[in-house]
Amino acid sequence: MSVADHWATVTQGKSMLKEISLFDASNCATRIAGEVPDFDITGRVDGRLVVQTDRWTWMAFVAAEQALRDCGIDASVIDPYQLSVVLASSSGGNQFGQKELQRLWSQPARTVGAYQSIAWFYAATVGQLSIRHQAKGHSSVLVSESAGGLDSIGHAVRTIQRGASIVLAGGLEAPLSPYALACQMRSGRMSTGDDPGSAYRPFDANASGYVPGEGGAVIVVEDLEHARERGARIYATIGGWGSTHDGSHDGTDSRQYARALRLALERAHLEPGDVDLFIPDALGVPEMDRSEADAINDVFGAHGVALSSHKSLTGRMYQGGSALDVVTAVQAIQEQVLPGTSGLDRAADGIALKFVPTTTKSTVDNVQIGARGFGGYNSSVVVRRYEQGAGR
Amino acid sequence: MNDRPLRRTVVTGIGVVAPGGVTRKAFWTLLSDGRTATRRISLFDASTFRSRVAAECDFDPAEAGLSAKDCRRSDRYVQFGLAAAAEAMAESGLEPTEELLNRMGVVMGSAVGGTTALEQEYVVVSDAGRDWLVDGDYAGPFLYQALVPSSLAADIAVRYGVHGPVQVISTGCTSGIDSIGYAHQLIQDGEADVVIAGASDSPLSPVTAASFDAIKATTPDNHDPEHASRPFDRDRNGFVLGEGAAVLILEELGHALARDAPIYCEVTGYASRSNGFHMTGLRPDGAEMSLAIAECMRQAKLNPTDISYICAHGSGTRQNDRHETAAFKRSLGNAAYGIPVSSIKSMVGHSLGAIGAIEMAACALAIDTSVVPPTANWSHRDPECDLDYVPRIAREQAVDVALSVGSGFGGFQSAMVFRKFKGVRQ
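Respectively, the protein sequence lines represent chains A and B.
Quick note: the first sequence uses the numbering used here, first residue 2, plus one each step.
Quick note: the second sequence uses the numbering used here, first residue 10, plus one each step.
Keep in mind that the hints are not guaranteed to be accurate.
[As the list claims (entries may be wrong)] Computed footprint of chain B on chain A, listed as stretches where at least three residues anywhere in the stretch have a Cβ under 8 Å from a Cβ of chain B:
#, stretch
1, 45-51
2, 142-152
3, 247-259
None of these hints come from the bench; they were simulated from the model.
Since the model is a prediction, treat every value here as computed from it, not as a measurement.
Don't be surprised by glycine CBs; every beta carbon is placed ideally from N, CA and C.
The task is simple: from the sequences and hints, build the whole structure.
See the structure below:
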């Protein structure tokens, strides 16, 4: 439950998938998931706040606090109107919502608790963070399923270009309640494998869908001059972003995804050959893996790009997953390390990609991330190494 | 503040699905006549709830051009969105080429997304709340689409084959202004040339009614549904839930001029702030809404006396209307007393995330037709709400500049300015 923990998971290829323990999932088609180990909010925030919020918001409390502490900003001393929260959201406060639905429908009084109206809806987490950290600038909640974590980075930059100094970006997701899981099953994209070690294998010959996970990341995106003036430790810069839509539902057409990747590179003023590491969406559904591989090959050509995926270790956290990939990208640049890819034994037929076999030291200046959201969303972000003293 | 040269955005099409009238024309006739569309809830059995009135849409999907397949696949709020988008697109006259589709986006707001469908399905798979461990085998085929509100913008994008940036914005009750604001920024920054922008919500279901009952946000006045929504009135006692959608076609000015498009107005300001105060409570001073308005005015290069009309959030709760009145006075000074302010929620209810877009549609139509819609049901002055609320009867007057604001759970405060388009030089 920290950047260091996550980086250890990624570089050591430690799988966090196991049988669902948050509830008895033995009768569900998907019984494996990535849970945040030993997550306990007790004592981390005011007890009253705990009962007013969902697990999804609890995770955001923890991540935002870590991010703010790490960036060295005392949120209580900066101008509150210069501080914004722009997070992605997918399915809201699931566990809380299901409990209240149960109360409403199983009891004759037909009532819900006073906090249902503020805990279930998609903006609950951003609202709570803006109160907790006195972030009174422009805030927003972006919903583009798994692409949202990257879209929040693009919107954070837009928000900074319009005057904000600091934006808390990223996203989290807590999709592991019985009803939310039943809903996810209907996407037709989830793995029903029983073995945590093999249930989620993106790009593999035995790929059979994805395994859900909970979590995500909050990332401090800051105006460069503001960061320099306060002598902040700058991890990396946002080089560019791009978003497109397939204009169709099935996701097997790779052209618009390729265009999103190119838009992000163009905005970053980079050529495909400048990219040292690519972190893919890695859905684990064979035809989607193939179309992602097509898009990557279309952009990077015969020379290819070093590619590494880690979602098979944590499960798919939807917008939280793409936000977490941004953290992985930043860490790769910080550590000058290409983390090894996970969950791959033998690439599926027709998938010709340059997977990073094992974690290795290497020059890492530019990392590109790709993400696709259910329903045709494509997004990409390019993260660049920050050179001390360099111009914008 | 970074003052980069930004591109300009105009409105070139409007589509509305609202209570009392599906279509832009029916909606505007209702408002111009000052009629109310609030009634006893018919969409579900509300007999056990504290508040049993709502503004419902008499929506016929087939009449709106939706197929039987659309209806199976898409929740009611997505159907509203598709219908409003179709009307707006038709009016804009756009026939997008493959090249334009790459430069075209969809940004839709929704506060609660597929909640209604999620609840209906929940009742089945949980055996009416008996089982915590639900039986997913009984779930409908499109339940995942209901779980993620990203479905709203995705389905519209697919309908038109859009390939540019697509997004759903879900900032509670400011979603509608914020989605149009997001779309405006995409155009300003050159990320898109045309954006289908708006919002949709169909929250009329037991769980929504119960949620607002629990905090007494909705009115208990069930005896007289037509007069239940009373924004700014001394005797107001809560909002009336509504449903609906509005879609605006936002277009880069040069693009619209080049194709000689009909131009309703220009988007000249958008800003939002958070109050950092309370998830549902509002500080009476209206400080953050006032700052959002001030930033809008700065972008639009306007003085308070330039404002012809304010389309208020005016939900009709005790605290909102007081908060908002204070914000107008704080940001606009004495000029606030001379500006007509009205709440169309008095007529079409509060459709949560959708209403912000419906209110922006009202602003564009007010500018276009030189009519200021009234605040229906207003009859008693509240000493804390002492502005000109355009009681009951619409006013015919020129509207050059319309300001609209929104305020929502989570502390979001948003403001947007539309200005009559009088040529390239402002």
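Task: Violations among the numbered hints - done: Hint 1 alone not satisfied by this model.
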